[in-house]
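Chains as they are written, first to last, in the working numbering: chain A, 1 to 300; chain B, 1001 to 1099; chain C, 2001 to 2384.
The hints are simulated quantities; they were obtained by calculation from the structure and are not laboratory data. For every residue, glycine included, the Cβ atom is placed at its ideal position computed from N, Cα and C. Each hint should be verified, as a subset may be incorrect.
Derived coverage of chain B by chain A (criterion: at least 3 residues anywhere in the stretch with Cβ under 8 Å from a Cβ of chain A; other residues may be distant) [claimed, not checked]: (1) 1010-1023; (2) 1028-1036; (3) 1052-1064; (4) 1074-1085.
Simulated crosslink set (PhoX-like; lysine-lysine; CA at most 20 Å straight-line) [unchecked claim]: (5) B:Lys1016 x C:Lys2370; (6) A:Lys193 x A:Lys158; (7) A:Lys8 x B:Lys1016; (8) A:Lys196 x B:Lys1056; (9) A:Lys197 x B:Lys1016; (10) C:Lys2331 x C:Lys2309; (11) A:Lys193 x A:Lys253; (12) B:Lys1056 x B:Lys1090; (13) B:Lys1056 x A:Lys38; (14) A:Lys8 x A:Lys166; (15) A:Lys193 x B:Lys1090; (16) C:Lys2331 x C:Lys2383; (17) A:Lys287 x A:Lys258; (18) C:Lys2226 x B:Lys1016; (19) B:Lys1016 x C:Lys2331.
Here are the simulated distance ranges between beta carbons [said to hold, decoys possible]: (20) B:Asp1044 x A:Lys193: 20 to 26 Å; (21) C:Phe2214 x A:Lys193: 45 to 51 Å; (22) C:Arg2191 x B:Leu1025: 48 to 54 Å; (23) B:Gln1013 x C:Tyr2320: 54 to 60 Å.
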Amino acid sequence: MKKPRTMKLSLPDEELVGSGNLACQGCGATLAMRYVLKALGQRTVLCIPACCWSVIDGPFPHSCLDVPVYHCAFETAASTASGVKAGLEMVGDTETTVVAWAGDGGTFDIGIQALSGAAERNDDIIYVCYDNEAYMNTGIQRSSATPFGAWTTTTPVKHFKNRPKKDIDAIMAAHRIPYIATASIAYAEDVYKKAKKAKDIQGTRFLHIYAPCPTGWKSRPEDSIRLARMVVQNSIFPLYEIENGEKYTLSIKVKDKKPIHDYLKLQGRFRHLTEDQIKFMQEEVDKNWARLLRKVESSD
Amino acid sequence: MIRKKEAKKIVFQSEKEMPMMPMSLGSMLYNKTGAWRNIRPVVDLENCIQCGICWKFCPDMSIFIENEFPYVNYDYCKGCGICAEECPVKCIAMVEEEK
Amino acid sequence: MKKVIMGNHALSYGAMLARSQVIAAYPITPQTQVVELLSEMCADKTLDAKFIKVESEHSAMAACIGASVAGARTFTATSSQGLALMHEMLHWASGGRLPVVMGDINRSMGPGWSIWTDQNDSLSQRDTGWMQYYCASNQEVLDTVIQAFKVSERLAIPSMVILDAFALSHTYEVVDIPDQAKVDEYLPPFRPQVRLTPDDPHAFGGLTSPEHYFELRYKLQKDMEKAPGLIEETGREFETMFGRYLGLVDDYLCDDADIILVTSGTAGYTARVAVDDMRKSGIKAGNLRIKVFRPFPFEHVRRIVKNAKKVAVVDRNISYGHHGMFFQEVKSALYGHDDSLPVFGFIAGLGGRDITPSTFREIADIALSKDRPEEEIIWIGVKR
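So here's chain A without its partners, still in its complex pose:
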């Protein structure tokens, strides 16, 4: 063996997510939690509605997390978190970071009313949506976060999803909350940095983390990081921040924007798409990217 030299880890080594959890192999949602908790630290409370994480955490009387967790009803991540924050303050705890931790279904669909309410009141919580683009925990049904073209168990290939993914970040920006960021688990240091930044801001903060799901996407477990990287480099899921609903900043400046083709080919959920359909999707991605760039430019 070689002579040991000091290893430099790019993230703190404290682990608040434990092994033995019930996540599938190659789970992106688990990595999202791991990075965010490294940034927020142990003095954090999580409100987790129905989602993969309500299973990953483990069954009663066990939990893989070293932070307190409240498993709440599906549509109540934000409203429960608002209550927890108020309750903690009334018992004298003003330090603990209160986090609503929900999947895309719990955020884009059933939980959007409570989320909008909390954001409009600017309640002092961090809302994290880990986005695996469908109802994975119930068995891969389409959500409003499912992208155009994708197969799910409720959008069979003959009738694949023909509507674009809902632009949740623009919806959140319209609430003029202090901080919104998109992130992807392939950029672990960026996830960490954004969660750290969010922690130090008061008011409603929204983190939207791209979290591949090999089980639901029919992709290889070892490709989870690769897919999470490609989706940023082809600008399907660009990484950016929005401050106060109007100041857009790109986090990763993609120089050589890749075509979406290779990304789609790694996932069984897109296998049925024809070249024409992929061409149409590419045009949509290009339009969205141009729209984002205009927002970034007008922020300068």
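Put chains B and C on the given structure of chain A with help from the hints.
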């Protein structure tokens, strides 16, 4: 801060031992997810450049650092293969488990 | 201090005197004055509490649950459709063993839109694991809120304090508002054994397999069974300190009564006017007002009706395809104990239709004229 690191499954003999609401009293470490694995990562430490990428991307917290090198905790490694895929010098091989 | 206040404000004063720490509520007629006064109290610091002005009743109860599990004393109020929207979260509060106290103004369920009183909103929630108190005066509303917190926190079971729309919610009565210091002595601060805190991290409400779920529900029921005794105990304690007893039932001239009218809510006091009239004309009538519906006071009901010749239960609610819900419960209390006692079930006053002393007179006449009930339920006042 209370650390819940015991790897024992909690079993209740009677309702009297149970809390009144469902609440966790122990970690998930009793659940040896290594049993899920079909292929295992084997690290060739001779070629390891100690970059820490395998540690960083492990979704199962199953790569630990000892004496400045990465080691796999086979009790919990589910065998997803992300470490091997992401290793920049390809010094991790995924090897078929013998059943 | 005596004050003339409306029933809704009696709820607000009760929540204030109990030193509620977090209130999360959404407006609905006829509940609005409850939360309007509480928001004023929070604004001028009469009450040191956080008021979360949520965007729906569903979120109101979710926020109450979050605040309660964080260790804060938590109050909300709603009515009718709002209570129905909360339904899912009511289970979450009781299953999570969180002592939230909620005021519910009994209002009929739509359609058609009705803002007037009946009990189908709260009785539709009878199986959610909440204690239910049906009040008949503004004083009782205020007192019961304070008592409900005490009982709820002792048992870790939430409570609903219920009053009739308009008949009580908007009716002004003289109410004795107790001294804060005395209320503090009666109701100590909320100190749950476990709560959501990084100092002692637990995951609450996780995936629960058939191996454990059954026992958790058994424990909830066992604790609910302790409630009747505890309500009486805390009611006597209340009487010692404030001079007013708060019990499970309230009986009036039942000891020698030939016919007992069983009621709940404000209809109880109306029934007493009819009872007095009937007594004057030689009919030995009595009134049993059931105050606590969950847990149901089986023993009290059996004891009070045991010498009567007839029992007439008047329900301002209906379980479609079955009976009025108090009627069901009274019969189940007697089953196997006194099966020979004729119990008549009447439906009256749905959707805010007035229940007057003459309504009770009509009910008594029907019950007295028959040996046994000839119909499953008897509707009073339907225009046919």
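Hints and how they fare:
Only when three residues or more bring their CB closer than 8 Å to a CB of chain A does the claim for the segment 1010-1023 of chain B stand; here the count is 6, and the claim holds. Counting residues of the segment 1028-1036 of chain B whose C-beta sits closer than 8 Å to any C-beta of chain A gives 7, which meets the bar of three, so the coverage hint holds. With 8 residues having a Cβ less than 8 Å from any Cβ of chain A, the segment 1052-1064 of chain B passes the three-residue criterion, so the hint holds. Proximity of the segment 1074-1085 of chain B to chain A, defined as three or more residues with a beta carbon under 8 Å from a beta carbon of that chain, is established by the 9 residues found.
The suggested pairing of Lys1016 (chain B) with Lys2370 (chain C) is violated, with an alpha-carbon distance near 51 Å, which exceeds 20 Å. Distance restraint check for Lys193 (chain A) and Lys158 (chain A): the Cα-Cα separation of roughly 42 Å exceeds the 20 Å cut-off, and the hinted pair is therefore not satisfied. Of the supplied pair hints, the one linking Lys8 (chain A) and Lys1016 (chain B) is violated, its CA atoms being roughly 49 Å apart against a limit of 20 Å. With a C-alpha separation of about 17 Å, the suggested pair Lys196 (chain A) and Lys1056 (chain B) falls inside the 20 Å cut-off, and the hint holds.
Among the hinted pairs, Lys197 (chain A) with Lys1016 (chain B) is inconsistent with the structure: their alpha-carbon atoms are about 45 Å apart, more than 20 Å. Restraint check for Lys2331 (chain C) and Lys2309 (chain C): satisfied, since their Cα atoms lie roughly 15 Å apart, inside the 20 Å limit. For the given pair, Lys193 (chain A) sits about 16 Å from Lys253 (chain A) by alpha-carbon distance, which is consistent with the 20 Å threshold. Distance restraint check for Lys1056 (chain B) and Lys1090 (chain B): the Cα-Cα separation of roughly 16 Å lies within the 20 Å cut-off, and the hinted pair is therefore satisfied.
A threshold of 20 Å between alpha carbons decides the hint, and for Lys1056 (chain B) with Lys38 (chain A) the separation of about 11 Å falls inside it, so the pair holds. Distance hint between Lys8 (chain A) and Lys166 (chain A) is unfulfilled; the C-alpha atoms sit about 39 Å from each other, more than 20 Å. Taken as a hint, the Lys193 (chain A) and Lys1090 (chain B) pair is broken in the structure, with Cα atoms around 28 Å apart against an allowance of 20 Å. Simply put, Lys2331 (chain C) and Lys2383 (chain C) have alpha-carbon atoms about 28 Å apart, too far for the 20 Å limit, and the pair is violated.
As the CA atoms of Lys287 (chain A) and Lys258 (chain A) are separated by approximately 14 Å, the hinted pair is consistent with the 20 Å bound. Of the supplied pair hints, the one linking Lys2226 (chain C) and Lys1016 (chain B) holds, its CA atoms being roughly 16 Å apart against a limit of 20 Å. Simply put, Lys1016 (chain B) and Lys2331 (chain C) have alpha-carbon atoms about 34 Å apart, too far for the 20 Å limit, and the pair is violated. About 32 Å separates the C-beta atoms of Asp1044 (chain B) and Lys193 (chain A), a value inconsistent with the hinted range of 20 to 26 Å.
Remark: the range hint 45 to 51 Å for Phe2214 (chain C) to Lys193 (chain A) is upheld by a beta-carbon distance near 47 Å. A hinted range of 48 to 54 Å is violated for the C-beta pair Arg2191 (chain C) and Leu1025 (chain B), which are about 21 Å apart. The hinted window of 54 to 60 Å between Gln1013 (chain B) and Tyr2320 (chain C) is violated, with their beta carbons roughly 45 Å apart.
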